[in-house]
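Enquirer: Starting from the known structure of chain R, fit chains W, X and H onto it as the hints suggest.
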Amino acid sequence: MPIRKVCVANRGEIAVRVIRTLREMGIRSVAVFSDADRRELHVRAADEAYRIGPAAPGESYLRGDVIIATAVAAGCDAVHPGYGFLSENAAFAGAVEEAGLAFIGPTAATIAQAGDKIQARVVMKAAGVPVIPGSDSPEPDVASAKTIADAIGYPVALKAVGGGGGKGIRIVHEAAELKSAFTRASSEAETAFGNGAVYVEKFLVRPRHIEIQVLSDTHGHHFHFGERECSIQRRHQKLLEEAPSPTVDATLRAAMGAAAVKAARAVNYRGAGTVEFLLDQSGEFYFLEMNTRIQVEHPVTELCYGIDLVRQQVRVAEGRELKFVQDDLQPVGHAIEARLTAEDPGGGFLPQTGTVRAVRMPEGPGVRIDSNLYPGQEITLFYDPMIGKVIVHGRDREHAIARLERALTEMRLVGIMTCAPLLRAVLKDDAYRRGDVDTGYLERFVEEVDWQALPEVNDLPAELPAVLTAVLYAHQQKGASKAVVADRAARSEWLTAARAEMMR
Amino acid sequence: MPIRKVCVANRGEIAVRVIRTLREMGIRSVAVFSDADRRELHVRAADEAYRIGPAAPGESYLRGDVIIATAVAAGCDAVHPGYGFLSENAAFAGAVEEAGLAFIGPTAATIAQAGDKIQARVVMKAAGVPVIPGSDSPEPDVASAKTIADAIGYPVALKAVGGGGGKGIRIVHEAAELKSAFTRASSEAETAFGNGAVYVEKFLVRPRHIEIQVLSDTHGHHFHFGERECSIQRRHQKLLEEAPSPTVDATLRAAMGAAAVKAARAVNYRGAGTVEFLLDQSGEFYFLEMNTRIQVEHPVTELCYGIDLVRQQVRVAEGRELKFVQDDLQPVGHAIEARLTAEDPGGGFLPQTGTVRAVRMPEGPGVRIDSNLYPGQEITLFYDPMIGKVIVHGRDREHAIARLERALTEMRLVGIMTCAPLLRAVLKDDAYRRGDVDTGYLERFVEEVDWQALPEVNDLPAELPAVLTAVLYAHQQKGASKAVVADRAARSEWLTAARAEMMR
Amino acid sequence: MKYYAKVGAREFECTMSEDDGALFVEVDQTRYRVDLAHIEASASYTLLVDGRSYEFALHEDEDGIELSGGAGLFRVCVEDARTHAARAMVSAAGGPAGPRLVKAAMPGIVRELLVEDGAVVTKGQPLLILEAMKMQNEIRADGPGTVTRVHVKAGATVVKGEKLLELESPPSP
Amino acid sequence: MKYYAKVGAREFECTMSEDDGALFVEVDQTRYRVDLAHIEASASYTLLVDGRSYEFALHEDEDGIELSGGAGLFRVCVEDARTHAARAMVSAAGGPAGPRLVKAAMPGIVRELLVEDGAVVTKGQPLLILEAMKMQNEIRADGPGTVTRVHVKAGATVVKGEKLLELESPPSP
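So the protein lines, in turn, are chains R, W, X and H.
Sequential numbering from 1 applies to the first sequence in my numbering.
Sequential numbering from 1001 applies to the second sequence in my numbering.
Sequential numbering from 2001 applies to the third sequence in my numbering.
Sequential numbering from 3001 applies to the fourth sequence in my numbering.
What the hints contain is simulated information worked out from the structure, not anything from laboratory work.
Note that beta-carbon positions come from the ideal geometry of N, C-alpha and C, so glycine has one too.
Careful, some of the hints might be misleading.
Simulated pairs of lysine-lysine, PhoX-like, Cα-Cα distance not exceeding 25 Å [to be verified]:
#	chain 1	residue 1	chain 2	residue 2
1	W	Lys1146	W	Lys1179
2	R	Lys478	H	Lys3123
3	R	Lys167	R	Lys117
4	R	Lys125	R	Lys167
5	H	Lys3006	H	Lys3123
6	R	Lys478	H	Lys3163
7	R	Lys428	W	Lys1478
8	X	Lys2160	X	Lys2103
9	H	Lys3103	H	Lys3163
10	W	Lys1478	X	Lys2002
11	X	Lys2163	X	Lys2103
12	W	Lys1478	R	Lys5
13	X	Lys2006	W	Lys1478
Simulated DEER-style distance windows between Cβ atoms [said to hold, decoys possible]:
#	chain 1	residue 1	chain 2	residue 2	range
14	R	Leu322	W	Phe1193	24 to 34 Å
15	W	Arg1434	R	Asp327	29 to 39 Å
16	W	Gly1354	H	Ser3017	32 to 42 Å
17	H	Glu3162	R	Arg444	27 to 37 Å
18	R	Asp65	H	Gly3118	16 to 26 Å
19	R	Gly319	X	Asp2050	51 to 61 Å
20	W	Gln1452	X	Gln2136	45 to 55 Å
21	R	Gly435	H	Leu3114	15 to 25 Å
22	X	Gly2155	W	Phe1193	24 to 34 Å
23	W	Asn1268	R	Asn458	34 to 44 Å
24	X	Asp2142	R	Asp328	54 to 64 Å
Excised from the complex, chain R in its bound form (with noise of 0.2 Å):
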C-alpha cells in the first residue's frame, strides 16, 4: 500500500533527515513543532506542519496522543519516529497501528521484546546468538547473584532490567564487593526506571562496540548491511562511528552479520534496526541490545552500501519486498561520522546554549552533512546537545580520516561551543588514527591526554594570531570612525576604476 503523507514525530537534524528521502520519494511531509522550535528547520522543510505544545519535551515530542490526533487530522497515512523520543516506546507504535496510520518501524511487540534487557537475552540465546555469560532472568537475591557470580568469574556487571542505554549499570571486580553492590544497584533501579530487578553479567575488560545494521521487511527476508564501529563513546554518548570497523575483516563480518540476522528474524524484525554487540579482546563477540530504529549514526552505512535506510524504511512499511543479495552487500571504501553536540569538552562536557550567530558547513568531495544548523538557531537546554552531523567518505580509513580533519577544519560555527576541537584532538592521536580503541578509549583520552595543549598553527605559535588579531581590532575600534571612512573610500575608488576598466 504506497505511503503518500507521512507525519514525522521528531524535531531536530533526523527529522529534517527523514523530510529530505520524502520529498525525494514524493511523499508530503507533515511536521510538528513545540513552541522553542516554531522557526527551527524541520518546520521548514516539510511540506505541512503543526503545533503540538510547550517546549519541554513532556508536553510536546513525548505527547504520542497529540501527535497521533495530529496526523490523523492532517490526513497522513503512516508516522516516522525518528530516533530517540517515542522511537522506541512500543505503546505509541500500538497507538499509531490502531489509529489506522502505519508505524514506520518494527511491530509494538518487537519494540517490547527487544526492548526488555532480559527478555531480549534469553531470546536471542535460544535463537542461537552469543550472548554475554550471565543471568537468564533478574537475580532475587544477593545469594543468587552470588552464584552466577561465582560460575562465570569476576569482574562482573549488575545492571537493572528497567536499564539500557549504558544507564544502570554497576561493575563489581570480587566477591567481597558483591553484596553492598547489589543491594544499591536494586534500590538506584527501584528510583531511576521503577522497577528494582537486577541480573547479572559478565563484566569484558575493555572490549569495542560493534553494531550491525539490519534490514527486514514483512515477508519474511531479512539482510545485513554489516558494521559500525562505534567505540568512541563517553558515558554511553557515540562521538565518532565509522565503517568498516578497523578490526572487523570480512570473515568477522559475516559472522556479526549472520548472527544479526538470526537476532533479527527472533523477534519477527520489520524495517531498519541495530544489533549492537561488544567484541572482546580475544575476538569473541556478544549481543548487548537491539536498537528498534534509525540510529543517529546510520549514514555511515548509507556512504559504505550506496544505500538510503530511510527510503528502504518507507519501503518495507509500504509493505514490499526487499530484493537484496546478501552476498552482493559489500562494503565500499570508508564512512567516519563526527557528531557536534554543544558541549564545552574543555569544561567538563557542560552544555552550551546560546544563539548560532554565523554558520558554514564543510562542502567539496567526499562529505556529507546532516544538521539543522541555521544563522539565528536558537540552541536551548530544553533538547538533545547534538546539533549536526559531519560525515565523510574516503578511499580508505586514512582517506576518510584526513577528509574530515579537512572538513572540520573548514567548518565556520559562530555563537555557539561545540566539541569540535576535542574531535580535532581525537583525529591526530595516534591510538585512534592505528583504529586501537575500545569503549573506555574517549573517557581516558579525555582525562590523561592533555588533549587542548596548543600546537604550532601554519608554522606560527598558536595564540600568536589570536593575539594580533585581538591587537588589530582594538586598534581599529580606537580609530573605528576615520578608519572605515578611510577603507569605504579606498574600495570604492577602486570600485570606480575597475569598473571603468572593465567596461571599455
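Expert: The following block gives chains W, X and H in isolation, referenced to the frame of chain R:
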C-alpha cells in the same frame, strides 16, 4: 618527486575545490587574490594567500608573471591552474616549468597542439579519432571553402581557427549563403581573435554534447572515466551536466572511451583532460575539441567513479604511475551537476550583482556542494557569474533528478538572483526527464516554453503565500514596536516557565 | 482589518482577523489560519497557512515588497483600506496608474537607445542595449505601454538601479 | 604604537607600525606584516600574517576579547601603552591583580556548594554542583587560588552568565 606546496592560480569555487584536496593530501596551499577578493573563501581556506593586483583579471589572475613570482617567493614547488584564466595558456605552462615549478596539467606543447583547432583536427584524424568532415587546413578563399562544403553537403559551419568554446562560428544552410558568410566570418574572426583564418565543418543537426574524461600519467598510461552528458547549454555555457549520459550504453561508452584514449595518446597527454565529442542522431560521434584542464563538471565523474580527479592530477604531476585497470572503471549510479550562476534567467540572463545576505546550501544524503558562497560575499561583474554547484548522486537517473529537485528546493540564497528557477523548471520538463535533449534544447526551452508560469505550490496558488507574507509583514511593520515587545514578553514567559519545569 | 495586495495585474482583498490568539486572513471567500515568523540572521520569513509551510526572503523598497521563495520571485504592493480608497478616488478621477520605471539591473554603458519618448512598445520589445563585461545586453519591455520619459543618453555610464526610462501601461480595456 | 596583550599567563608586547600602506606588528623581536579584514555577515575576521591565513570569530565583553578559530578558543586582554603603564603602577603599589569571576556556563540550580569563602583551592578542584536537565555538573576551578567571595547559595536558580563566586590568584612566585 613529492609535491609539498602548491600555488593555486585561480579564484572562486575551483580554487577552494583544489585547496580542499591539497589539504587532504597534507600539501600546503598558496592562494593568490585580487583587490576584490581579499575576503573570498579561497583566501581563507588556503594556508597562505598573497595579493597579485587589482580586481580586473587582466591585472591579476591573468598576470602569469606576477603569479609565478609569487609562487616562487612563497617556496611553492608546483602551480595548479584550475579552469579558465591561464589554465589553457601554453606560454604560462611553459613559464611555470622554466621557473622550476611543476605545472599541474599537460605540457605547453600539448596545450598548444590542442588549442589550435585545425591542428587538433589533423592530429586526431591521423590518430584514427573520428572528426567532423571538413577542412584539413584553413580555407584561403571562398572557392576552396565552397569545394569542401559542396563535397560534405550543407548545412556547414564556418569556424574561426583561433576560436573555441563555441565562439566564432557561423552556420551556412545552402551554397548561395556561403560567399557573404565567408567574408563576414573572416572579418569577425580577424576582429575577435586577431586571426582571420576560417575553416569548414559539416554542421550537425541537433547533436548531443558528450565528453569523455581522460587521465594520463607520464609513463605512457592513458585511461578514460566514461562520459558526461553536457547537452544542456546556452550559448555554449553548460548549465546541467550528468554522468552517465542517458543515451550512451556500455558499447558506445567503450567506443567513445577508446577514441578519447587515442586522442590523449596522440597529443602525449599528461594529467586530467577532457575529449569533447558531438554525438549525432544516428549514433555517430565526432571529435569536437580537447580541453587540457580540469572541467567545471568534473564532480559528476568523481561521484560515479569514486575518484578524486584533483588528487590524481597532483599524483601524476609527482610522476607517479597510474595503476588502474580500464575494465574495472565502471560508473556506479547516476550523478547530475547544477551550476548556480548569478544571472536572471527570466530577464535575458543579465548578470546579477549584489551582496549575499544569507546562504544555506542543501545537505543530506547524496548531495555534494562545491561553492565559495558565504554571507557577506560581494558578487561583482569582474568575474564569471558561476557562484557554485550543487551536485547529486543517486541510484539511477530518476533518483538523481528527484534528489536534485529536493536539494534545489532546500537551498536558501538571499540577496542575489540565480538561475535556480530555470534549473528547477528544466528538471520538471518531460523532454529532459526522458533524456531527449540536444545542444539546442535549452535555448528552445527558454524561448518556447512558458517556464515561468506559476504552478500551484503546496496546494495553494503560487502567488497566495507571497501575498499573505507581504500582507502580514506590512501589518507587523505597522504595529512593529508593540508587536516586538509583546513577542519578546511571550517568548520570555514560556522560556522561564519551561525552564523552571525542566529544572525540577 | 482590510489590506489590498497587488501582484502583477491581480489584486487580492485580504481581511485580517484574530481569534483566540491566532491570526486569520480571508481572501476570495476562503479563510486561512496564518502564522508568520522572522529569522533575522537567516534573512528569512517562515509562513504557515493552515499548516502548509512556506519560506520567503523579503526585501522592501519604494516600489513595494519583493519576495523570493520556492515558487519564484514576487513583487507585491500592499495598501491598507484607507490608502487604497484614496488611490481609487484618484484613479476614478482619471488620474494615471503611474508609470513603470525601467531600471538598470547592472552597471554598464548605454550602447544604443532603441526607442524614444512617446514610442508605443509591445511586451518583450527591446528598449535599449546595455553593455557590461564586453557583453551587450538587450533591455526589454516587461509589458505593453508607451514610453513617457527617457532618462539616459547613448554612451552614458549607469550604475545598478539607475532609472533608464519610464513606461506607461495602456488603459485597461 | 604599542599594545600589551595578555593570553592566560603570557603577555605579548606588540609594536605597530605602518610602511607604504601596509601594517606591521613587532612581537618578540620579530616583525610581521599583517592584514585584518572583517566579514560582518559571516561574523568573522580574516587575518594574514606574512601571507599565512587565519580566521577568527571575535566577541568582546567586559572581560576582554574572546577569539575562536581553528586552534581553539583564546581570551585576550589588550591594553594600549598608557593604560598598561597606569595599571602597572597600581600593581607595583601592591594592588590586587583582581579576582577571577566564576560564572554559570548554563542556567541551572545550585545543588551543592563545595567550598566557602576563604577556601584555598587547586586547579580542577570542584567548587559547586550545578544541575540542569536533571544532570549534575561539577564546576571546577580554572587554576589555583583563594575563594574571596561566594555569590550564590545552595538551591538558588541561576541564569547563564550569572556570577557564582570569585577566586583570587596566588601571588606570582
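Enquirer: Now tell me if each hint is right for this structure.
Expert: We went through each hint and held it up to the structure:
1. W:Lys1146 to W:Lys1179: holds (8 Å)
2. R:Lys478 to H:Lys3123: Violated, at roughly 36 Å.
3. R:Lys167 to R:Lys117: Measuring from Cα to Cα gives roughly 12 Å; hence the hint holds.
4. R:Lys125 to R:Lys167: Judged against 25 Å, a Cα distance of about 22 Å means the pair holds.
5. H:Lys3006 to H:Lys3123: With Cα atoms ~20 Å apart, Lys3006 of chain H and Lys3123 of chain H stay inside 25 Å; holds.
6. R:Lys478 to H:Lys3163: Violated. Lys478 of chain R to Lys3163 of chain H sits at ~30 Å, over the 25 Å cutoff.
7. R:Lys428 to W:Lys1478: violated (56 Å)
8. X:Lys2160 to X:Lys2103: Between Lys2160 of chain X and Lys2103 of chain X the Cα gap is close to 8 Å, so the pair holds against 25 Å.
9. H:Lys3103 to H:Lys3163: holds (4 Å)
10. W:Lys1478 to X:Lys2002: Roughly 13 Å separates the two Cα atoms, so the pair holds.
11. X:Lys2163 to X:Lys2103: Since the Cα atoms of Lys2163 of chain X and Lys2103 of chain X sit roughly 4 Å apart, the hinted pair holds (cutoff 25 Å).
12. W:Lys1478 to R:Lys5: Status violated; Cα separation ~38 Å.
13. X:Lys2006 to W:Lys1478: holds (18 Å)
14. R:Leu322 to W:Phe1193: 24 to 34 Å: violated (60 Å)
15. W:Arg1434 to R:Asp327: 29 to 39 Å: With a Cβ separation near 35 Å, Arg1434 of chain W and Asp327 of chain R satisfy 29 to 39 Å, so the hint holds.
16. W:Gly1354 to H:Ser3017: 32 to 42 Å: holds (38 Å)
17. H:Glu3162 to R:Arg444: 27 to 37 Å: holds (34 Å)
18. R:Asp65 to H:Gly3118: 16 to 26 Å: violated (55 Å)
19. R:Gly319 to X:Asp2050: 51 to 61 Å: Cβ of Gly319 of chain R to Cβ of Asp2050 of chain X: about 31 Å, so the range 51 to 61 Å is violated.
20. W:Gln1452 to X:Gln2136: 45 to 55 Å: Violated, at about 23 Å.
21. R:Gly435 to H:Leu3114: 15 to 25 Å: Violated, since Gly435 of chain R and Leu3114 of chain H (Cβ atoms, about 40 Å apart) do not stay within the stated range.
22. X:Gly2155 to W:Phe1193: 24 to 34 Å: holds (27 Å)
23. W:Asn1268 to R:Asn458: 34 to 44 Å: Holds, since Asn1268 of chain W and Asn458 of chain R (Cβ atoms, about 39 Å apart) stay within the stated range.
24. X:Asp2142 to R:Asp328: 54 to 64 Å: For Asp328 of chain R against Asp2142 of chain X, whose Cβ atoms are near 57 Å apart, the range 54 to 64 Å holds.
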